[in-house]
Amino acid sequence: MTSAPTTKTIQKNDPLTDLAKKNIIDQIIDQNKERPGATMVVLNELQSAIGFITASMQEYVAKRLQIPVSRVHGVVSFYSFFTTTPRGKHTVKFCMGTACYVGGTSALIEKTKQVLGIEPGQTTADGNITVEVCRCVGACSQAPVIVIDEEVLGRVKPNKLPQVFKPIQEKAE
Amino acid sequence: MAHFRSHVLVCVDPECLNKGAHDVLDAFQDEIVAQGLIDEVQVLETSRIGSCSNGPEMMVYPDGVHYVGLTTYDIPYLVEEHFLKGRIAAKFVEEKKITVDEELSAPTAKEIRVVLRNCGKIDPENIEDYIAEDGYQALGNVLTQNKPEEVIEIVLKSGLRGRGGAGFPTGKKWQFCRASQASPKFVICNADEGDPGAFMNRRVLEGDPHSVIEGMIIAAYAIGSNQGYIYCRAEYPIAVKTLNIAIEQARNFGLLGKNILGSSFDFDLEVRMGAGAFVCGEETALMASIEGNRGEPHPRPPFPAVKGLFGKPSNINNVETYANVPQIILKGADWYASMGTEKSKGTKTFALAGDVKHTGLIEVPFGITLREIIYDVGGGIKEDKGFKAIQTGGPMGGCLPSEYLDLPVDYEELAKAGSIMGSGGLVVMDEETCMVDIARFFMEFTQDESCGKCTPCRVGTRRILEILERICDGKGKNGDIETLEMLCSEISETSLCGLGQGAPNPIVSILQHFRSEYEAHIYEKRCPSKVCKSLIRYEIIDGTCTGCTVCARNCPVNAISGERRQTHLIDPDACVRCGICMQVCNFNAIVIN
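Protein sequences, first through last, are from chains A and B. Going by our numbering, the residue at position 102 of the first sequence is 102; the numbering climbs one at a time, nothing skipped. Remember, our numbering sits 1000 above the position in the second sequence when you count from 1.
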């Protein structure tokens, strides 16, 4: 049963309309649907493979797992790791753990507003960089810490931020 | 196994990785190939060699030389000196010698490593390394020599208590679960280490995953379970990867799966990932999450030991609890019970962070004082500033002032002082920390992480946060403290789970120990530590300012004006009090008033 979901309006650029991505989605669901507690496993895999979980994708997952859409949406909206809109190409996360907070994360965010022109939760107009605050990444002895994509940078000072952002800004061009 | 002349351990902790440990590792491997040493020198990835503060780091055995601060450019020299000429490359040697082998540490050292014994010493991705350190021997002993009841007896006798924070006796928990009639039963490891400032479990999972797996298999045997889950937070991708490798290797060695070590006992294990919800560290919420639902807690009883995961009896312990178990079996309950205090036995890992000189992971016996932890293990306060408070137990814990420095650390003593043991985060705060701001910070955290299921927690934490924000904003009013006190006691009495019940703790402990700071904010509109933005002003000292323009160029809101070589001026209305100017000023010409 892999027919299209019942949604009236699948967005034009929804991953479900892209055959390659649709195959990935189906593969993830097929591999995991029999596991106990499959919803979390499937959503986690979708989030990391596709990068976000649109409303249409949620409906599709619900249909394939034979559970109500409300359950899937409930799970997606509960956990902060799941996002429903695409992020920028690069993600800059500011650790908001206790040690980082005491170590000056606020000043870093302030400086970021100046350098990139966006606040946490926003993406630059060119769709290149998303800035977020995140929970403790567990690198407290390096506070304050920022995470650029997968890379953890410790002991970051506000005046070093322009330099830190440069590589990911340039990659866009 | 091939015989190598030298073993080189390179630290691949996130902190070292961000300083280029991978590049150094690659360069090193290339260089030993180039020098024809590939059959003589074995390179292993490991974690936690030293403090990671001067990474990338490398440990060379059997010489026991600890190199730090390496770059790819240093590698040819290092390889030539150490591995070809046999001379120690002194300029990269860690100045203070850090002993990695804890059995040899001098008796004056305050640390005892049980849970962390293998971290940084073995390759976490190689099960043979763990087995060489007596790994899985405890499991073998248990399966061949002990009845499940005897295993529980040993754990009971050791006095091991849950390291997740609540401190419930582990043996008792196992007993309850064993006594439950229903089947199947589940063994769950809580690796959802969400407390900000805590990273002990991550290190154990990344550095010694098999100790946790072995502990879980023993627990499963004791309670009669055949399936286990490790619930690990999504923020720890390396831990998840390491665990999956370890589980696969354990399966290949016949340590997981059917008929373990020929004993006809079956047990298998699966890693489940969280998705960034702090409340999932609460056991009932965690199980809801494994079941694929929103991570909302539900009331206890029934306790998980009776009705847990998928409605079946489940035993849930923390990473550190399981990691202790194999050692207790091997060395005996009496050995374990010989460490610690009357009611808290053994050792505890802590993540020491904040304004202390040597931040990082420590493991100390219960009964050690906070002073010993901060000054002897942690080396004292950064820049030798004054001590103000130590925060124990994460966002549900409390802040203790200097009067409590000589408090022996155990579950009961911390609770008596108005804090908790928690999972083991210790954040040291110096005299420049504003305690009201810290209270606000924790409330912001719990407020944000409240799952919303029960009203006291969902609405109550919001109200507390609003009051605290107002106080920090200089708009505190008479009666605020009393309202806070009332809200705090009602929220902790009426909330459903540990998150709500513990959420007011930081506020209460700060009210108890730092009341004067609240009062200064409310009645005098003054922030004694000069932190709260609405209550401070940045000013430039005439005469000290050289007019170098650095502050003006770095100000994010262009609030600083002034001619070159003239004293600059900060416009207090435009200033957002971010403090960047003060950090960049080379002449200490900017002060807070």
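Keep in mind that a hint or two might mislead.
[Stated by the list, open to error] List time: in silico EDC-like cross-link candidates among lysine to aspartate or glutamate, alpha-carbon distance up to 16 Å:
#, chain 1, residue 1, chain 2, residue 2
1, A, Lys160, A, Asp126
2, A, Lys63, A, Glu34
3, B, Lys1241, A, Glu110
4, A, Lys157, A, Glu110
5, B, Lys1477, B, Glu1524
6, B, Lys1110, B, Glu1372
7, A, Lys33, B, Glu1291
8, B, Lys1085, B, Glu1031
9, B, Lys1533, A, Glu110
10, A, Lys33, A, Asp14
11, B, Lys1382, B, Asp1437
12, B, Lys1241, A, Glu150
In short, the hints are calculated from the structure, not lab data.
Determine which of the earlier numbered hints do not hold for this structure and return their numbers in increasing order.
-> Hints 1, 3, 10 and 11 contradicted; others consistent.
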